[in-house]
Structures are given as C-alpha cells and as structure tokens.
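Guided by the hints, dock chain B onto chain A, whose structure is given.
Which chain is which? The protein sequence lines are A and B, in order. Residue 1 is where the first sequence starts when you use UniProt numbering, and the numbers rise one by one after that. Residue 1 is where the second sequence starts when you use UniProt numbering, and the numbers rise one by one after that.
Just so you know, the hints here were simulated from the structure itself, not pulled from any lab data. Hints are not guaranteed to be accurate.
Derived list of chain A stretches under chain B, where covered just means 3 residues or more per stretch with a C-beta under 8 Å from a C-beta of chain B [as the list claims (entries may be wrong)]: (1) 1-15; (2) 116-125; (3) 186-196; (4) 272-285; (5) 352-361.
All C-beta atoms, glycine included, are put in the ideal place defined by N, C-alpha and C.
There are 2 protein chains.
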Amino acid sequence: MRLSQFHLRTEKETPADAEVISHKLMLKAGMLRKLGAGLYTWSPLGLRVLRKVEGIVREEMDAAGAIELLMPSVQPRELWEETGRWEKFGGQLLKLQDRKESWYCVGPTHEEVITDFARAELASYKQLPVNFYQVQTKFRDEIRPRFGVMRAREFLMKDAYSFDIDEAGMAASYQKMHAAYTRIFSRLGLDFRAVQADSGAIGGDASQEFHVLAESGEDALVFSTGSDYAANVETAHAAAPAPRAEPTETLRRVETPTQKTCEDVAALLDIPLARTAKSVALFAGETFVLALVRGDHAVNPVKLAKVEGLADYRMATEAEIAEYLGSTPGFLGPIGAARAIRVVADREVAAMADFVVGANATGFHLAGVNWGRDLPEPDVVADIRDVVAGERAADGGELRLVRGIEVGHIFQLGRKYAEAMGFKVLDANGKATVPFMGCYGIGVSRIVAAAIEQNHDSNGILWPAAMAPWQVAVCIINPKHEAHVAEAAEALYRELRAAGIDAVLDDRGLRPGAMFADIELIGIPHRVVVSARGLEAGTFEYRARTAAESENLERQALLTRLRS
Amino acid sequence: MRLSQFHLRTEKETPADAEVISHKLMLKAGMLRKLGAGLYTWSPLGLRVLRKVEGIVREEMDAAGAIELLMPSVQPRELWEETGRWEKFGGQLLKLQDRKESWYCVGPTHEEVITDFARAELASYKQLPVNFYQVQTKFRDEIRPRFGVMRAREFLMKDAYSFDIDEAGMAASYQKMHAAYTRIFSRLGLDFRAVQADSGAIGGDASQEFHVLAESGEDALVFSTGSDYAANVETAHAAAPAPRAEPTETLRRVETPTQKTCEDVAALLDIPLARTAKSVALFAGETFVLALVRGDHAVNPVKLAKVEGLADYRMATEAEIAEYLGSTPGFLGPIGAARAIRVVADREVAAMADFVVGANATGFHLAGVNWGRDLPEPDVVADIRDVVAGERAADGGELRLVRGIEVGHIFQLGRKYAEAMGFKVLDANGKATVPFMGCYGIGVSRIVAAAIEQNHDSNGILWPAAMAPWQVAVCIINPKHEAHVAEAAEALYRELRAAGIDAVLDDRGLRPGAMFADIELIGIPHRVVVSARGLEAGTFEYRARTAAESENLERQALLTRLRS
Numbered sequence: 001m002r003l004s005q006f007h008l009r010t011e012k013e014t015p016a017d018a019e020v021i022s023h024k025l026m027l028k029a030g031m032l033r034k035l036g037a038g039l040y041t042w043s044p045l046g047l048r049v050l051r052k053v054e055g056i057v058r059e060e061m062d063a064a065g066a067i068e069l070l071m072p073s074v075q076p077r078e079l080w081e082e083t084g085r086w087e088k089f090g091g092q093l094l095k096l097q098d099r100k101e102s103w104y105c106v107g108p109t110h111e112e113v114i115t116d117f118a119r120a121e122l123a124s125y126k127q128l129p130v131n132f133y134q135v136q137t138k139f140r141d142e143i144r145p146r147f148g149v150m151r152a153r154e155f156l157m158k159d160a161y162s163f164d165i166d167e168a169g170m171a172a173s174y175q176k177m178h179a180a181y182t183r184i185f186s187r188l189g190l191d192f193r194a195v196q197a198d199s200g201a202i203g204g205d206a207s208q209e210f211h212v213l214a215e216s217g218e219d220a221l222v223f224s225t226g227s228d229y230a231a232n233v234e235t236a237h238a239a240a241p242a243p244r245a246e247p248t249e250t251l252r253r254v255e256t257p258t259q260k261t262c263e264d265v266a267a268l269l270d271i272p273l274a275r276t277a278k279s280v281a282l283f284a285g286e287t288f289v290l291a292l293v294r295g296d297h298a299v300n301p302v303k304l305a306k307v308e309g310l311a312d313y314r315m316a317t318e319a320e321i322a323e324y325l326g327s328t329p330g331f332l333g334p335i336g337a338a339r340a341i342r343v344v345a346d347r348e349v350a351a352m353a354d355f356v357v358g359a360n361a362t363g364f365h366l367a368g369v370n371w372g373r374d375l376p377e378p379d380v381v382a383d384i385r386d387v388v389a390g391e392r393a394a395d396g397g398e399l400r401l402v403r404g405i406e407v408g409h410i411f412q413l414g415r416k417y418a419e420a421m422g423f424k425v426l427d428a429n430g431k432a433t434v435p436f437m438g439c440y441g442i443g444v445s446r447i448v449a450a451a452i453e454q455n456h457d458s459n460g461i462l463w464p465a466a467m468a469p470w471q472v473a474v475c476i477i478n479p480k481h482e483a484h485v486a487e488a489a490e491a492l493y494r495e496l497r498a499a500g501i502d503a504v505l506d507d508r509g510l511r512p513g514a515m516f517a518d519i520e521l522i523g524i525p526h527r528v529v530v531s532a533r534g535l536e537a538g539t540f541e542y543r544a545r546t547a548a549e550s551e552n553l554e555r556q557a558l559l560t561r562l563r564s
Numbered sequence: 001m002r003l004s005q006f007h008l009r010t011e012k013e014t015p016a017d018a019e020v021i022s023h024k025l026m027l028k029a030g031m032l033r034k035l036g037a038g039l040y041t042w043s044p045l046g047l048r049v050l051r052k053v054e055g056i057v058r059e060e061m062d063a064a065g066a067i068e069l070l071m072p073s074v075q076p077r078e079l080w081e082e083t084g085r086w087e088k089f090g091g092q093l094l095k096l097q098d099r100k101e102s103w104y105c106v107g108p109t110h111e112e113v114i115t116d117f118a119r120a121e122l123a124s125y126k127q128l129p130v131n132f133y134q135v136q137t138k139f140r141d142e143i144r145p146r147f148g149v150m151r152a153r154e155f156l157m158k159d160a161y162s163f164d165i166d167e168a169g170m171a172a173s174y175q176k177m178h179a180a181y182t183r184i185f186s187r188l189g190l191d192f193r194a195v196q197a198d199s200g201a202i203g204g205d206a207s208q209e210f211h212v213l214a215e216s217g218e219d220a221l222v223f224s225t226g227s228d229y230a231a232n233v234e235t236a237h238a239a240a241p242a243p244r245a246e247p248t249e250t251l252r253r254v255e256t257p258t259q260k261t262c263e264d265v266a267a268l269l270d271i272p273l274a275r276t277a278k279s280v281a282l283f284a285g286e287t288f289v290l291a292l293v294r295g296d297h298a299v300n301p302v303k304l305a306k307v308e309g310l311a312d313y314r315m316a317t318e319a320e321i322a323e324y325l326g327s328t329p330g331f332l333g334p335i336g337a338a339r340a341i342r343v344v345a346d347r348e349v350a351a352m353a354d355f356v357v358g359a360n361a362t363g364f365h366l367a368g369v370n371w372g373r374d375l376p377e378p379d380v381v382a383d384i385r386d387v388v389a390g391e392r393a394a395d396g397g398e399l400r401l402v403r404g405i406e407v408g409h410i411f412q413l414g415r416k417y418a419e420a421m422g423f424k425v426l427d428a429n430g431k432a433t434v435p436f437m438g439c440y441g442i443g444v445s446r447i448v449a450a451a452i453e454q455n456h457d458s459n460g461i462l463w464p465a466a467m468a469p470w471q472v473a474v475c476i477i478n479p480k481h482e483a484h485v486a487e488a489a490e491a492l493y494r495e496l497r498a499a500g501i502d503a504v505l506d507d508r509g510l511r512p513g514a515m516f517a518d519i520e521l522i523g524i525p526h527r528v529v530v531s532a533r534g535l536e537a538g539t540f541e542y543r544a545r546t547a548a549e550s551e552n553l554e555r556q557a558l559l560t561r562l563r564s
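The following block holds chain A by itself, in its conformation from the complex (with noise of 0.2 Å):
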C-alpha cells in the first residue's frame, strides 16, 4: 500500500471527549469516526487491524475444528420467548417492528438462533459433536455506551455454539475452545489471563473469561500465589473464615452522634473497623433485606444477586428504612426491626464475634453484638463481598488483583437452551436426548482497544507484530524531489512486498516530523527512512517502534533484520 493511495487521517489535538487512552488514541490516529452514541465508523487504518484480528480468530476457530456459517442479525421474537429471553435479556435486548408489526431484535447473542439452526440440521449423535462459528456483528442497547469501541452498542463479535451428545463431551469440546483461546490471545501478542467468571445473562453451569491485562480495566481479577486459582472478582473466594469464637462481651447501647460509618464508629470506639459490620439495606420482591459485610469489606453486587431471591434486588429507600427499621441510614443493624426482614450475612460477618452494629436509632450503635444471644442467627449466610489483595486463598496462597478488559467468554451451558427450544437428538441407543451446548464469545472490536490500553506510550499506538497495520513503513525524505531518491524507496517497498513482509510506503511528501509522528501514532512496529544522505552512505536508517535509536543499516543487513 502507497499511503498517498490510502485515506489516512490523524489529528494533532487528543480529543476532549474520550476518556480512556485507547479511545483517546484510536481517534487521534484515525482509526475511528463516531456516528452516533456507541456506533463507530472503523476507518481504513482501523478496518486494517479489526481484519488482522478477524484473521487470527478464523484461522485459529477453523484449526480447531469449528465450523463457519453466518446467522441473520435481525432475529424473531418468537425464537427469544421460547427461552423467556425476550424478557429476562432486559434493555440491552434492541427491539423493533418491521412494516408487518411483528417483533423483531437487532441480535446480542445468537444462541437461540443457534439452537433453532440445530434442531432442523441435527438428528443423530452421529452428527456431535459439533462447533457451529460465525464472526458477526451484534448490537447491545447498553445504558451508557463509553470509551470507544471498548463499550460500543454495535460491534464486531466472534460466536460459537457447540453441540455435544453428554457432559463429557461438552466439557471436551469446552477445553477445546479453552485451547484455541489461548492459541489466539498468544498470536495476537497481548498479556492475557483466563480467570473463572460469573455466567450471567448468558447462563449455565461453568465459564471462564479472558482478559486482556491494562490498569485501565474495568474489571478486577483475582489470583492466587498458591496455585493457578484466577477468577473474577465477581466470582472469585478467598479462603474460608476462621470458626467463630466465643462471645467475651455484653451486648450495649453506645452513643455515636455524629459517627454514621463503620470508619467513624471504630475510630471512635478505638476498635480495629474489621470488628464493625455495615448493614445494607435492600428490597427485593416484597421483602425487606438487609446485607451485613465486615466494615473493612465491600459488597459485591454480583454475589449478592446470586443469593436466593435477590436476582432482582434494589436498593431500598429511606421511606422503606424508616418503615421497617425505624431508624435513619448511616445507624441501621439487624437487631430491633420495626417490621420483619431478611437478613444475608457475608460468612466472615456470620464467624464474628463481640462485633458493632447500627442500633436502628439514629445516633447510636450497638456493640458486642454475638450471633444465636444478641439476635437469631443470620437468614442466609453466603460470600457476598470482594476479595481484598493480600488475604490467604483457599489454596494457601496469596490473594493479588489486578485489572483487566475481557475479550472472550466461554460457558458450559448444559442443557438450558436446548430444552426450553425442545432440541433432541437420537443416542447411540436410539434414544430421544437433549444434547449439551456450549458458547464461546470473543469481543473482536474490543480487542483492537484492549490491545492498545495494554501496548502504548506517549507518541502513540505500540501494536503486537500480528495487529498492525503494516510491519514496517518505508518512509521517503526527498525534499529536492530527486529521482533516484524516490527510485530507491520504490524499489525496497517492492521487495519488503515481495518477501511477504506486509511494508506501506509513506509517499504523502510529508515533512519528517510530521511523517515520522504519524508513523508512531498509528504504532507501525518497524520504520524504514530512505534519504538521499543516506543512499550516498549506501544505508538505510531503521528504527525499531520500541527502539531509544535509530541505526543505519546497509541493504543486505536491513533485509535480515526485517525478515527475523
């Protein structure tokens, strides 16, 4: 590619309205246009890399033995009721009428498309297992689309669906994609890790995700020293509570006017915060609830909505507060609820002993609380916290966090699917069976942002070898518009081009500043200058995109560099 063939676009300025440093980037090199909230318009520089992405997850779903089909984007309601999706997806789910009335969504996720292909196509366990890919576009209604592509509303995605005849298979046929999820995060150059997730919206019984490492993500993730343990910290356990010990205090009334955290409260009763408890108060369905964690912990919303009958909790309001435990938030606890409530221990909370809690009277709290004298024990007793970095893990290990942008997903998701949409298939034994089904996502769009948050510095994008763009820019300085200037940078674009080395010739007539900003910006890995000074010296000056210097090089020695 001759870039004065090419549209590429940078702008000088960061624009103001991005937020992280891969939107901040991808704009500033052009690679993106924004249409509306959440819609992006991929450039020709952007569309470049999305592909070489598309590329690898291709090569990588067909050598794994999957197969491609490409499913319809705008699918029936029908299909999403007999699962109950249609509801339960929620405002994500984009629905529509077409001229006719009947509904329609714009497709998040395809697996009742999937399913629906399957049960028309597959009669026999003959024909499992197998692993139906398509590479797509999807759109999710999100509620605040941000960051660029990185939370778009429309967006390039991979999706595999696979079929098994039992358990077995499918948790083989999961490895398998465990496998060439490895496979394509290693080939795409990032630092990733696969950590045990939560299934959410999608569903079933396993699934991991994997994430792309970069501070800026939005998602902690937790691992332990003492053994590969890595999950979500959505999902993720630290080890279990040491026993409760004995009550050693009495129960008694304290006053703390002023003091509505669990912060104030032990600092005022001189008590480490770990012996204080925070009462969160919550609705769901027509029942009062209220969450206890340790006042050095913090509820994990997504735990907690795994808690019997708290799907769909909410948090409750100060008329509610009032209504059930007579009080004023910032003094609320268990004991002396004015109305009946539900009460959801965290299991650290449930092992304390001789702890403080809010005395549902404003300006005062309850100390050495014990369970089973003070008040009954808990209601639920469950995990419903974050893990904190540095506690022991269940293995013995260490507990660390760190960040990360997820870009695939996969899920054992059992039989769910395929009983709602009643897909059997015959067993070896002629037998009627519901198969077991598998998905396996990977956010192509978002990895292209996730790829730079994690590969960037000050002059712009770092691209992993196989995300690039091109491989080397050869980039022509030839103010006085000599020939053989011109002549020469050709002729070494043509044979990069002709040892398969992907090289773009940058021929705008760009001043070098301006050339050689660009060239980092857009983050190509290898930079070739031919200049007149330099072809006199017989020499080439190279640099290396992560490279302090730059080097002359002599034709033969360029070529073995750019070939290694």
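Positioned in the frame of chain A, the structure of chain B alone reads:
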C-alpha cells in the same frame, strides 16, 4: 476439507414453498435455512460460496483503488432527515427506537453515513478523488420477501461511494467502477449485461444496472442489434414514432355493448389493435389523469411515475371514474369528460390519426378520433410504455428483450447528497465547493442465487469455477474398508491441496449413489473416484460436472487435467 469434519446436509425432497430454482436448489443443497420472512442462515456450505464471491468483489475493488472501511448498520434518524429520506425512503426503511427512545434505522444503504464521514474527513481537493467501500449486511423491509436470498430482507451488499471535485472526475470514477464491475462478473464466470437504468430512490443523473441473464429474471432488459444500446425496460426507448398523419375519417360513435378491451373493440371494428388507444385512469395529488397508450402497448409504471406530477400516482377508483368521466371502466376516453382531467399521452398515441377510444358512455366507443380536431392536443406527451421485442430502435437496429437478475447498480449521484448535508471541500483556488458523488452497489448474496438461476441442470447446481465451494471432490468408494483405498484417496487429496487445488475429500462412507448425488447437487465442478478396482487398474475415475461420461485416467493425466 474432509466432509466428515464438515456440516453438509442435503435434502432429497424439493422444498414445497420455494418458487424459483435457485431457492429450491439452495435449500436442497443445504446452503440456507430460513429463520423468518426474508431472513436466512447461511450454512457452512452456503457461506463458502458467499465468501468466494465476496473475495473476488474485494480484490477487484482494491485493484480499482477503492479503499475499504466499515460503517455501522444502525444509523441515527437525524442523518436521514438531513437528506429528507427518513420520510421519502418509504416502507423498506426499518425504523426502531433505542432505550432512550431515540429513532434509528437499520441501514438499507449508506449514502448519508458516508457523506457524514466524508464531510468530517475530507477538506481539500487534494484528498480527491477517493472511493470508499464496505462489504456489509443491509436490511430492507420488503413488502413481499421471496425467492430465498434473491429478495431477502437481510442481505450482504458491497457498497462503494466516490467523491470527486468536478463532474468530469465523477464520470471517470464511475467508469472505473463500470470497468471493475465488468471484471468482477467476468471473473465470477457469469453471463451478464450492463444496461441503462432508472435511478429510483437513490437518485442522481445517470445509472446502469448489471444483470445476470436468466429466463427467470424479474427484470426485462432491452438491447439493440444496431449498437451497444442496452437498457432496463423501465427506461428503454424505441425509435420515435413517424409524424402524425392527416385525418381521413370523421368522428363517429360506435356501439360496443360488451367490448371492454381494445382487443375486443378492434376485432368488432375489424381494425388493427394499433389503431386503438387504451385509457388508464389515475389520480395524482388532486388531479384526475388519463394516461393513453396504444391498444397493443402496455403502460410502464416507472416511466409513468417520471412524468411531472405523477411521482406518487395511484389508480383511480370506480367512483372517481364515474365522477370525472361519467362512465364505467371499459369505455373510458379523453373526449367528453364530466370534469376537468389531465391527459398524458404516450408519444405513439400522440402520433396517431383516425383512432379509437372509449366514449365515456357504457357500451360505446368513438372511432375516427383525431387530435386537435376532436379533442385538444394532450397536456403531456411522453414515452410511458414498455417497448416491444422486434420494434425499431433509435439507432436503426432492432430491439431484443432478455430477462435479467439485477446484481449490481452504479449511479452518478452528482451533488445531491453533498448539497443536502452541507459537505464542501476547498478547490484548487481555495474556494469551498460541493463535491460530486457516485455510488456503486453489488448484491453479494443475490449473486449466489443468480448464478444458480443461470447455471443448473436436473441434478443440481453447475457452479462457475470461481464460485464453487470446492473445485474437486475426491470420492472414496471403499465398502470393504480397505486401508490402501483410504490411504490412496487421502494421498490424492493431499497432493491436490499441495498443488493449490481447492479439493474436498468425501470420506463420509456413503454409498456411491448417495455420494455422487450430493456432489452433483452441490455443484462441485470436478469429481474423482478412488476405488479398489480403479487402483488395481492404476486409474482414477474422473468426471467433469458438465460431462456426460466419466473417464479413467492415470494419476499423471488426472493431475494434468485438474491443473488446467
């Protein structure tokens, strides 16, 4: 590819609900599966063919200097309001609201989006000419989706948009695309023709359609033996009529008690059908319009709608006919209307003398009618009829008619969109000027169906080489499961792949009849059978898909044949 590792599922029965041969064969071959009205999943087999077409389209677009990008499918209403097409595009535009109740459409075409992109990215004549394209899923909410992917609602399209500083540049960009399209359809191995076309909802000054010729085509195409003139019947013209002759008859009222058609009246009066004029009653805005064509001609609705004031015409109701003409249908004419009417005469009718029309009285016609004498000259004279095969062309040749399937359409749009959306660039004198635009579409998925309409026999599809899912099928006949037979087939398969031939190995273990039927149905151009008997004789059985007989070829002869 080994078919045992692929998902191939052919049907023995011809699907009852498919009307055209391509739809029948695509379903029988298992290329498609219907999800909903006009919504199809492309199976792995179908997708292979679709990707071959897409690949050739992309290569030729790139070779023509067009630059690929990717625009969103979901588009904000505001853009479409800038051009007025939010209302004007009509029912095919699938509109929807997001969770914030903002309106969007699922893109049926991208003139608005690309112009929005261009006005942000292009500032100077130095950046022109430029041609951006994408290959993307489109949605058009067809009233009557039918014929499988021939007229689907969701379909794959290549759309390109050129920008030039002046009209001559636009014409040059248009010609480049004309040449690229010619190469694309030639490489695809299709019998096609480019014809002059109506611009329709896209608009603009000049446009041509590319049609795959097939008897089942929805479009009638007209070409002349006298030059390279070729046009869609919607816009085709015959030679102008001879000048009007002088009147020789007097006006007279003739009794036609049961003769409601021109044919019946001509038979009764024993005159040529070409001496009668048909009156078609229309309403456009507030005006009653009578459109006149010769009795042996048919009104062309697209041409009629291009008459000033008739863009939104509809047929008149019987009540309106009674009110304006005082007659019942079958006896209508331009003379003696009860209220003011507008007369639009086809230019052939305007050139008639001594002709016959309805008398606006049930059971009567008028004969010996002459313009100027018996009724005023028509309000409008225009070409509003279908041309007829065999008539004289303007170039002196003879007009011929063929049927075609539209697979491409190129337009010179002029400044229409750029003007509406306030897009200007600086010209060489530093003056802001509105650029000239062209747009160029190819129905990628429709090409697959059109190719089948043109290339099939009673056994199935006859793919042109470039579109075939695979070039060669290596079929194993091995009822005794002999290792050397399987190995020989495998070795041949590998040798063909190594030679760059896209071969597939049919290792499914089917009986020969079922296997050959599948391979013929899915249209693999070349078939090689490996069997114990053949191996003993040192030959392979080779048969081209289009050949009547198979031949036994030795290894080297076979390879030579397949390489050529």
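Outcome of the hint check:
| no. | hint | in the structure |
| --- | --- | --- |
| 1 | 1-15 | holds (count 4) |
| 2 | 116-125 | holds (count 4) |
| 3 | 186-196 | violated (count 0) |
| 4 | 272-285 | violated (count 0) |
| 5 | 352-361 | violated (count 0) |
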